[in-house]
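Required output: the full structure, derived from the provided sequences and hints.
Per my numbering, the very first residue in the sequence shown carries number 6; after that it's consecutive.
Treat the hints with care, as some may be off.
Lysine-lysine pairs mimicking PhoX-like chemistry, simulated, CA-CA at most 25 Å apart [what the hints assert, rightly or not]:
hint, residue 1, residue 2
1, K712, K570
2, K56, K27
3, K589, K669
4, K214, K191
5, K555, K524
6, K729, K554
7, K387, K332
8, K554, K524
9, K27, K164
10, K332, K447
11, K729, K419
12, K56, K191
13, K555, K729
14, K521, K570
15, K578, K516
If you are wondering where the hints come from, they were derived from the structure by calculation, not from laboratory data.
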Amino acid sequence: MYYGMNLKYIQDRIGYASISLKNPVVAGDLVNFAITYTAGYFGIDDTGSIKICTRFATDMGRPQFVNPDQPNYVSIKASNGATLEYRFDSKANIRPWDKTIYIKVVKGFLREGDKLILNYGDPEDGCPGMRMQTFCEETFEFKVLVDAFATYQYIEIFKSPIIKIVSGQSFKWKLQLPTLRRKDEKFFLLLKAEDIWGNPTNKYQGNLKLKSNIPIIGLPQEINFSSTSEDVKLIEGLKSSLIGDIEIELYNSNGEFLCSSNPLRIIENSELVHFWGELHGQSEETIGTNSINDYFIFARDKAGLDVIIHQGNDFQITNEFWEKIQKTTKEFLEEGKFITFPGYEWSGNTSLGGDRNVIFFQEGETIRRSSHALVNDTKDLKSDCNSSNDLFKSLKDTNTIVFAHVGGRYADIKSHDIKLERSVEIHSAWGTFEWILNDAFKLGYRIGIVCNSDGHKGRPGASYPGASMFGSYGGLTCFLSKNLTREAIWESLLRRHHYGTTGNRIFMDVKVILDKTGKSYIENPILGENIYEIAQVGIMGDIIQTEQKKVKLKIEINASYPIEKIEIRNGTKTIETYRPYKEKDLGNRYRIIWAGAEYRGRGRETVWDGTASIKDNQIESINPINIYNIEKKIRRINPTNLEWEAITTGGFGGFDCILKYHKKGSIKISTNHVNINFPFSEIGFKEIKIDAGGLDRHLRLVRLPDKNRHCNVILERDIELGLKGDNPIYVCVIQEDGHVAWSSPIYLFN
Numbered sequence: 006m007y008y009g010m011n012l013k014y015i016q017d018r019i020g021y022a023s024i025s026l027k028n029p030v031v032a033g034d035l036v037n038f039a040i041t042y043t044a045g046y047f048g049i050d051d052t053g054s055i056k057i058c059t060r061f062a063t064d065m066g067r068p069q070f071v072n073p074d075q076p077n078y079v080s081i082k083a084s085n086g087a088t089l090e091y092r093f094d095s096k097a098n099i100r101p102w103d104k105t106i107y108i109k110v111v112k113g114f115l116r117e118g119d120k121l122i123l124n125y126g127d128p129e130d131g132c133p134g135m136r137m138q139t140f141c142e143e144t145f146e147f148k149v150l151v152d153a154f155a156t157y158q159y160i161e162i163f164k165s166p167i168i169k170i171v172s173g174q175s176f177k178w179k180l181q182l183p184t185l186r187r188k189d190e191k192f193f194l195l196l197k198a199e200d201i202w203g204n205p206t207n208k209y210q211g212n213l214k215l216k217s218n219i220p221i222i223g224l225p226q227e228i229n230f231s232s233t234s235e236d237v238k239l240i241e242g243l244k245s246s247l248i249g250d251i252e253i254e255l256y257n258s259n260g261e262f263l264c265s266s267n268p269l270r271i272i273e274n275s276e277l278v279h280f281w282g283e284l285h286g287q288s289e290e291t292i293g294t295n296s297i298n299d300y301f302i303f304a305r306d307k308a309g310l311d312v313i314i315h316q317g318n319d320f321q322i323t324n325e326f327w328e329k330i331q332k333t334t335k336e337f338l339e340e341g342k343f344i345t346f347p348g349y350e351w352s353g354n355t356s357l358g359g360d361r362n363v364i365f366f367q368e369g370e371t372i373r374r375s376s377h378a379l380v381n382d383t384k385d386l387k388s389d390c391n392s393s394n395d396l397f398k399s400l401k402d403t404n405t406i407v408f409a410h411v412g413g414r415y416a417d418i419k420s421h422d423i424k425l426e427r428s429v430e431i432h433s434a435w436g437t438f439e440w441i442l443n444d445a446f447k448l449g450y451r452i453g454i455v456c457n458s459d460g461h462k463g464r465p466g467a468s469y470p471g472a473s474m475f476g477s478y479g480g481l482t483c484f485l486s487k488n489l490t491r492e493a494i495w496e497s498l499l500r501r502h503h504y505g506t507t508g509n510r511i512f513m514d515v516k517v518i519l520d521k522t523g524k525s526y527i528e529n530p531i532l533g534e535n536i537y538e539i540a541q542v543g544i545m546g547d548i549i550q551t552e553q554k555k556v557k558l559k560i561e562i563n564a565s566y567p568i569e570k571i572e573i574r575n576g577t578k579t580i581e582t583y584r585p586y587k588e589k590d591l592g593n594r595y596r597i598i599w600a601g602a603e604y605r606g607r608g609r610e611t612v613w614d615g616t617a618s619i620k621d622n623q624i625e626s627i628n629p630i631n632i633y634n635i636e637k638k639i640r641r642i643n644p645t646n647l648e649w650e651a652i653t654t655g656g657f658g659g660f661d662c663i664l665k666y667h668k669k670g671s672i673k674i675s676t677n678h679v680n681i682n683f684p685f686s687e688i689g690f691k692e693i694k695i696d697a698g699g700l701d702r703h704l705r706l707v708r709l710p711d712k713n714r715h716c717n718v719i720l721e722r723d724i725e726l727g728l729k730g731d732n733p734i735y736v737c738v739i740q741e742d743g744h745v746a747w748s749s750p751i752y753l754f755n
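Structure follows, in structure tokens:
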């Protein structure tokens, strides 16, 4: 990588760098190490400088230079005593190497052999270390760029320092099943340990025991982790001859409970079953982490996905990498086992339409970039589509699906193509964005809901946010599909037969029942094709014309954690909030939630640092909700006082507070957005919501049962339909652990 003209002859004489670390580093650990740059033949002239850059995706601690006794302190000096000026800037170099320590020689110069020494986490005055990034990477690189001639033209040294980052000790266990299978149909169980930051880890050896509530053919009673190379066990070829809801529990050799699986429903027969996918993530060839091969391997072998799509930023995808993407999707495609599609992220500026995800049914299609911003080869510049309208026109006669999403940029869905743009992504590691769904309803679109990670950390399908600007665990999309083939999953995407979650695997069945048959359209009738089926039942994503003024809505949820509430919605309106418990069941548990965002764009992060003080009562315990960054903690200072650091990026976080007495005393909450004082006697079954400006930014409070055991809910409701336009009927399920799921709407019209 060069900046400006070709300076290869200078690169050989520009110096070199080394790093003191020789062994792999554990993700998230506090570490001390030194990077030493040794000047080459040209040295560095007076006012020349160097940059030491890391990737956008890294969440390594932010280097600081003023508090030597605090984490992430970096000391910098020149071996010859030259005076240096330095700073850190998170966007001081060309993407993806934008996180930069900039060091300028302001008095003096460097000769050949002189050194610049950066001591990360310098322990001399008490710094505990530099906190390393929280996710694994084979080649974590410190890219060194040198401006030897004080021209502000930087040349990359021949070989920059590289370290390997590995997982830590096992912290929690996961058992993962599909959510719906036919009787005697094969399925697999995924078993893994994760470290404190969510990385699969092999730092456990020993025997584990499995117990199922329903007999499973092929399920071993005991699993042995004996090899240090193993961090995931994939137990394939399982099946059940009994119908019912399967749940498997995991115990250690001492009989201690470790975790339970998500529920798996076995039914007698069904046209459609469930397959789980991740439609949106990147690898190191663009702005992510680890290679595209590693990306697909993690998705299949460590996240247990059925469907995976790679979505690199188009303006970073060279022609060579576009060929690599297509070659890789074809190599990993295994009909009946693992489904891939080629695609890319069209990354246009918001004013020109904003981010879209482009998915092709098969390999061989042309990439039409939003720009060649970081692609030097301009031979195919004429194929660019700088606006989303141009993109839609270019894809008109191709077998393509597009969905809109909110990432750094957000999609402006006023620009829309009915045939191509089938869904909107309302959750990713960037946050939760129900507003884009509501925008679509207001514009009269018929779209489905997908949730993905937009992950940059090399963990598709299990995308923890780490310690960076990503505020949420990455989402998943569940496809209702006849089988696991490209053709069947494609049909699911075309017909919006899917639902999205914030990363949990929940069984969801949402359908409408008509008294008289209606017309269920294969394609949106606005397109004029008017191909329909006669139907009396509509499932997620269907478009149904009916003469009825009222329909029956049937909902069945089998959740991976107790359900706090279910919201039944008709477009932008919530027509009912159902809680599975009664007011008489409420106990001493009070839930405090903060939520929302600053606004739609990049700076959406909302800081919720705050305190709570209890008067005339005592805190028995607290339980954090959606707090994935372990550096941002909720602390109980004493029996009556709490403090916390937290952010939201459209979703929500908070905590449950168990009190010694119910209804007694009051709580005072102080944040930089909301300051309130509420008697506990006023916080009850119906939640209190306090507006805090911004984009649906708010605080809410509710009282809950001490123990909620309602994981399974079956509901039937009569839904009155509006006479004009669509009735997009869908549900939103909120679990007590903070996970959320949304069904794609069923569009009903007269």
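Each hint tested on the structure:
In summary, the hint linking K712 to K570 is supported, as the alpha carbons are separated by about 14 Å, within the 25 Å threshold. In summary, the hint linking K56 to K27 is supported, as the alpha carbons are separated by about 22 Å, within the 25 Å threshold. For the given pair, K589 sits about 17 Å from K669 by alpha-carbon distance, which is consistent with the 25 Å threshold. Between K214 and K191 the alpha-carbon distance is near 21 Å, which keeps this suggested pair within the 25 Å criterion.
For a cut-off of 25 Å, the pair hint linking K555 to K524 stands: about 16 Å separates their Cα positions. For the hint pairing K729 with K554, the CA-to-CA distance comes to about 11 Å; that is within 25 Å, so the pair holds. At most 25 Å may separate the alpha-carbon atoms for a hinted pair to count; K387 and K332 meet this at roughly 24 Å. Only pairs whose Cα atoms come within 25 Å are accepted, and K554 paired with K524 is accepted, the gap being roughly 15 Å.
With a C-alpha separation of about 16 Å, the suggested pair K27 and K164 falls inside the 25 Å cut-off, and the hint holds. Taking the CA atoms of K332 and K447, the gap is about 40 Å. The hint is violated against a cut of 25 Å. For the proposed pair K729 and K419, the alpha carbon gap of about 21 Å is at most 25 Å, so the pair holds. A C-alpha spacing of about 54 Å is found between K56 and K191, which places the hinted pair above 25 Å, so the restraint is violated.
Restraint check for K555 and K729: the C-alpha separation of about 14 Å stays at or below 25 Å, so the hint holds. Our distance criterion of 25 Å between C-alpha atoms is broken by K521 and K570, whose separation comes to about 31 Å. Distance restraint check for K578 and K516: the Cα-Cα separation of roughly 18 Å lies within the 25 Å cut-off, and the hinted pair is therefore satisfied.
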